[in-house]
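Make a model of the complete structure from these sequences and hints.
Chains as they are written, first to last, in our numbering: chain Z, 2 to 324; chain H, 2 to 129.
Hints are not guaranteed to be accurate.
Take a look, some chain Z residues computed to stay more than 12 Å from chain H by CB distance [as the list claims (entries may be wrong)]:
(1) Ala3
(2) Val305
(3) Leu318
Chain Z stretches covered by chain H per the calculated footprint, using a threshold of three residues with CB under 8 Å from any CB of chain H [stated by the list, open to error]:
(4) 27-33
(5) 36-46
(6) 69-82
From the structure, some residues in chain H lie toward chain Z, with a derived Cβ separation under 10 Å [as the list claims (entries may be wrong)]:
(7) Ala4
(8) Tyr80
(9) Ile91
Read the hints as simulated data drawn from the structure, not as lab findings. Keep in mind it's a predicted model, so treat the numbers as computed, not measured. Beta carbons are placed, not taken as given, at the ideal position from N, Cα and C, and that holds for glycine.
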Amino acid sequence: MAYDVQTWVSVAALSGGGMAMGFGAIGAAIGEGYTAARANEAISRNPELSGDIFKTMLVGQAIAESASIFALVIAMMLLFTKFAAHILMVPVLLGAGLAMGMGAIGAGVGAGYPAGACCTGMARQPAMGGRLTTNMLIGSAVCQTPAIFALVVAFILLFTDFSQSPVSPTWAAILGAGISAGFGAIGSGLGGGLVAQASCEGIARQPLTATPVTNVMLLGQAVTQTTAIYALLVSFILMFKTFPATDLIAPPMALLAAGICMGIGAIGPAIGEGLAGQSAVAGIARNQEHVAELTRLMLVGQAVAESTGIYSLVIALILIFVV
Amino acid sequence: MEALRQTQKKYSSRAITTAIFAGFFLILIGQQAIGKGLILGTVFGIVNFVLMGETLPLRLGKSKGKTYLFSFGSIFFRYIIVAVPLVMAIKLEQYNLFSTMLGIFLIQFFILAEHVFGLIASARGKQV
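Given below as structure tokens:
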């Protein structure tokens with residue numbers, strides 16, 4: 002049985018919408034559940050503060066679920082928009098759905114970590130409630146950055162006219178761009194969340210260290226975002242570089258492999274950098290006199306963890322420009 | 002629960018006031034679709050935020066598994082509500098999709114803005 006192009010476009014739109022919302026809901030639900038579980042512990046420790054803990058939980062969860070609302074937006078666009086009947090719309094719609102769905106996972110889970118730690122910290126140090134909430138919100142907002150990258154890529158895919166480009170290898174470049182942006186966002190969201198969690202715990206443990214802890218948190222989180230930026234860069238090259246038409250199978254496979262290489266290759270380094278940042282921030286909260294040494298060690302550790310992300314970037318660039 | 006209600010009231014009233022003023026201004030200068038989209042998105046964003054607060058007590062005092070289950074249920078229920086303005090903006094020309102999205106995120110924007118400005122103000126105060 003043969004299907005026309007319009008049918009394939011509709012199938013891709015439905016599949017892309019399903020992937021966007023299905024994957025996109027995972028992170029926010031886990032993050033929210035984690036926050037609620039930590040709020041339980043906090044209220045059992047200090048029941049008099051249940052009102053403040055509820056309030057913190059609400060505000061934290063409102064930020065944590067932003068990434069999955071991005072996914073909802075893309076899913077609704079894929080499900081309810083009438084798309085042109087062009088064969089390149091198939092990878093566009095699948096790529097957009099995959100980018101946003103996968104891109105929301107890390108941000109949702111990551112933003113739940115500081116929200117949960119803030120609830121626990123509130124029970125431990127009620128007087129630091131305001132500072133803890135501010136720190137939690139800033140940390141959570143940074144966790145949302147990779148999801149915003151994925152949203153940007155999904156929008157660019159949906160609103161760019163690829164109809165003048167050759168079908169092969171453009172289909173692979175488009176799909177690769179979606180995979181790179183989506184998978185590449187997972188690690189950065191999680192890694193950033195680990196650093197922000199340690200920061201909230203640290204401020205609750207030692208309120209006097211709030212300023213250096215927040216500063217080093219921002220530095221540590223910034224480094225965890227770099228691999229998501231590499232993935233975004235590879236996505237942009239795949240979307241905007243003009244590739245010559247080809248009947249061979251190798252060139253499109255090289256472009257698809259570039260997206261897979263950078264997307265998956267970005268997950269591990271970002272989580273590793275998050276672990277390095279987490280321990281440094283926790284250490285600063287315990288021993289404020291050694292901020293310089295702890296920050297230096299964190300940056301050296303993160304630089305080493307970053308190297309595997311750089312290898313992935315180099316291989317992705319070779320696949321795009323050399324192969 | 003009074004603290005929770007006060008928080009909801011504070012951010013919701015700020016968001017809806019801003020949306021109404023900005024929306025009417027946009028309608029007056031001829032950008033009807035953008036103005037209407039902003040107000041529509043904000044109204045549903047507030048409904049989502051209020052429901053989030055109202056379902057919070059259901060998630061506490063239960064086992065970890067049940068908490069995760071309630072979180073999933075809460076998300077899917079609220080997302081159906083948030084999907085309504087998005088579908089309307091996609092299907093109907095009188096609502097702009099991007100301003101509707103902005104309206105949905107207006108509460109989160111005000112939460113972040115309040116704390117970031119507070120942090121900047123306290124840092125400046127320390128310098129003086």
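Here's how the hints hold up against the structure:
Annotated as non-interface, alanine 3 of chain Z keeps its C-beta farther than 12 Å from every C-beta of chain H; the closest such distance is 30 Å. At the 12 Å boundary, the C-beta of valine 305 of chain Z stays outside the reach of chain H, the nearest C-beta of that chain being 32 Å off. A cut-off of 12 Å between C-beta atoms confirms that leucine 318 of chain Z is not in contact with chain H; the least separation is 33 Å. Counting residues of the region 27-33 of chain Z whose CB lies closer than 8 Å to any CB of chain H gives 4, which reaches the minimum of 3, so the coverage claim holds.
Remark: the region 36-46 of chain Z is confirmed as covered by chain H, as 5 of its residues place a Cβ nearer than 8 Å to a Cβ of that chain, reaching the required three. Under the rule that three or more residues need a Cβ within less than 8 Å of chain H, the assignment of the region 69-82 of chain Z holds, with 8 such residues. Look at alanine 4 of chain H: its Cβ gets to within about 4 Å of chain Z, closer than 10 Å, so that hint holds up. At its closest, the beta carbon of tyrosine 80 of chain H sits 5 Å from a beta carbon of chain Z; the interface hint therefore holds under the 10 Å criterion.
Evaluation of the isoleucine 91 of chain H hint against chain Z yields a held restraint, the C-beta minimum of about 4 Å falling below 10 Å.
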